[in-house]
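S.K.: Given next are the chains, with one letter for each unit.
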Amino acid sequence: MMSSFTSQFRGLKAAFTREVRAYFAAPIAYVFITVFLVALGLFTWEGARFFDTGVVDLAPFFMWHPWLYMIFLPALAMRLWADERAAGTDEILLSLPVELPGLVLGKLMAAWSVAGVALAFTLPMWITVNVLGSPDNVAIALTYLMSFVMAGAYVAIGAAASALTSRQVTAFVLAVVVAFLFTAAGWPLVLSGIAGFAGPGAADAVARFSFLTHFEAAQNGVLELRAVFFFASVILLFASLNGLWAAGRRTP
Amino acid sequence: MLELHQLTKAYGTRKAVDRLSLSVSKGEVLGFLGPNGAGKSTTMRMIAGVLIPDEGDTVIAGHSILTDRRAAQASLGYLPEGAPLYADMTPPQYLAFLARARDLPRGEREDRIDQAIADARISSVVDKQIGALSKGYRRRVGLAGAILHDPPVLVLDEPMDGLDPNQKRAVRALIARMAPEKVILISTHTLEDVPRLCSRVAVIDQGRIVADASPAELAGEYTLEAAFKALTDQSEAQAA
Ligand SMILES: Nc1ncnc2c1ncn2[C@@H]1O[C@H](COP(=O)(O)OP(=O)(O)OP(=O)(O)O)[C@@H](O)[C@H]1O
Ligand SMILES: [Mg+2]
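Here the protein sequences come in this chain order: H and S. Its first residue numbered 1, the first sequence is counted upward by one per residue in my numbering. Its first residue numbered 1, the second sequence is counted upward by one per residue in my numbering.
These aren't lab readings, by the way, just hints derived from the structure by calculation. Just so it is clear, CB atoms sit at the ideal spot from N, CA and C, and this is done for glycine as well. There may be inaccurate statements among the hints.
As the list claims (entries may be wrong) - Stretch-level coverage of chain S by chain H, calculated; a stretch enters the list once three of its residues show a Cβ under 8 Å from a Cβ in chain H:
(1) 45-55
(2) 73-79
(3) 96-108
Can you build the whole structure from these sequences, using the hints too?
M.R.: Okay, structure coming up:
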């Protein structure tokens with residue numbers, strides 16, 4: 001007997017397998033992973049002079065994750081719902097005996113998995129820094145974990161935006177704007193601006209919603225459950241909006 | 001086994017479907033006729049649970065689409081207008097997706113998929129991506145998806161559109177073979193299909209049923225086309 005809680009997620013597995021297949025059947029996933037890795041490599045190398053800072057850690061590498069996710073993950077997620085609407089296949093989905101929360105999570109987890117694969121391909125970086133010196137491996141492991149959790153938040157924003165339109169480009173632009181707001185809210189430049197304009201209390205409040213701030217916490221080697229909870233809340237929020245917007249197709 | 005109660009759906013102030021009621025029983029093949037924009041597809045979307053009606057309800061094999069949606073949808077095979085499909089999948093991949101989404105018993109999935117492929121006559125294209133298929137084959141893949149789970153109720157929105165004469169005959173034969181055990185609702189603009197396909201005809205105009213009879217009764221002394229014209233001419237004149 002299926003509990004009523006799990007029955008709310010009917011269709012999750014079907015949606016997940018379909019979307020993962022779609023990512024890897026077309027060149028999307030491979031192109032995405034390659035371009036992501038090249039960009040991350042270039043930024044890390046150029047921006048941080050990896051080999052002549054003297055300090056051996058992955059900080060100059062992790063520092064770019066939020067910024068690259070902000071662009072790349074909306075691009076990965078933009079097709080999830082917009083494409084269904086453009087092709088009319090959402091009509092098939094809505095006629096199946098499944099539940100929207102299942103479809104929403106299945107699609108989200110598929111794109112998140114592709115992001116996870118891309119992240120896994122950066123593990124040689126970790127090996128490299130261990131060859132070059134003796135970094136804080138606990139901190140690195142935690143930061144990898146947090147980076148993956150954070151990627152889920154960016155994917156959720158992208159997927160939700162995708163449910164608003166039948167045009168992938170529109171979904172992409174919308175998601176990048178929202179993702180930028182969440183990311184830049186922790187930018188020192190923005191924060192000091194806000195502090196000067198509306199007082200340090202306001203800057204504190206804004207930083208509370210920033211992906212950067214929560215991500216940086218992990219890099220100090222402490223598992224901040226608050227940060228995990230924060231990203232999980234963001235994922236839940238945008239997954240709910242995603243479901244709401246997808247359900248809107250039933251009542252035009 | 002399929003009951004439509006007072007279905008109503010408005011887009012803005014214009015009622016696409018207006019208190020439409022209909023009851024179809026097992027063994028009947030109901031042809032759903034009407035001019036463009038009459039509300040056929042909107043009605044079918046409401047039956048399928050794709051659209052929620054402003055008012056009214058649909059009962060499929062005893063399950064209300066509003067209060068027991070999943071059970072109602074499990075009893076329904078639906079071919080949407082234009083047969084939308086996932087272009088990046090092959091027909092068997094698409095059917096496997098539907099089998100999983102419908103949670104068909106694992107042991108039966110392979111057999112059901114093979115059966116649907118045979119019934120819809122798409123075995124020659126199983127290795128091709130759906131996006132690369134011709135319109136007629138795509139329609140047949142959509143049909144395979146609708147009959148995959150052997151549902152007691154079938155709702156097919158223009159299933160014959162784009163089929164060549166041989167395939168039309170094959171689909172007619174398939175529908176005739178399934179008919180005794182099922183409720184089948186078919187919309188079409190091809191009037192000559194109607195007497196060969198349907199045991200009953202409902203003509204809908206401006207969201208309302210304007211005639212409900214057997215094809216022979218409807219045609220009367222003239223032809224179906226003349227009857228269709230007489231029943232729906234007025235709305236065309238109004239729209240123009
Ligand atoms: N998404 C929508 N938004 C606004 N109006 C709509 C929408 N879908 C349908 N309509 C309107 O509802 C009415 C009924 O449309 P419907 O598609 O049900 O007609 P139909 O009988 O299937 O026509 P056809 O034979 O051309 O397929 C039309 O006037 C149409 O313009
Ligand atoms: Mg139609």
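S.K.: It remains to establish, for every hint, whether it holds in the given structure.
M.R.: Verification of the supplied hints:
1. 45-55: holds (count 6)
2. 73-79: holds (count 4)
3. 96-108: holds (count 6)
Violation of the numbered hints given earlier is absent; every hint is satisfied by the structure.
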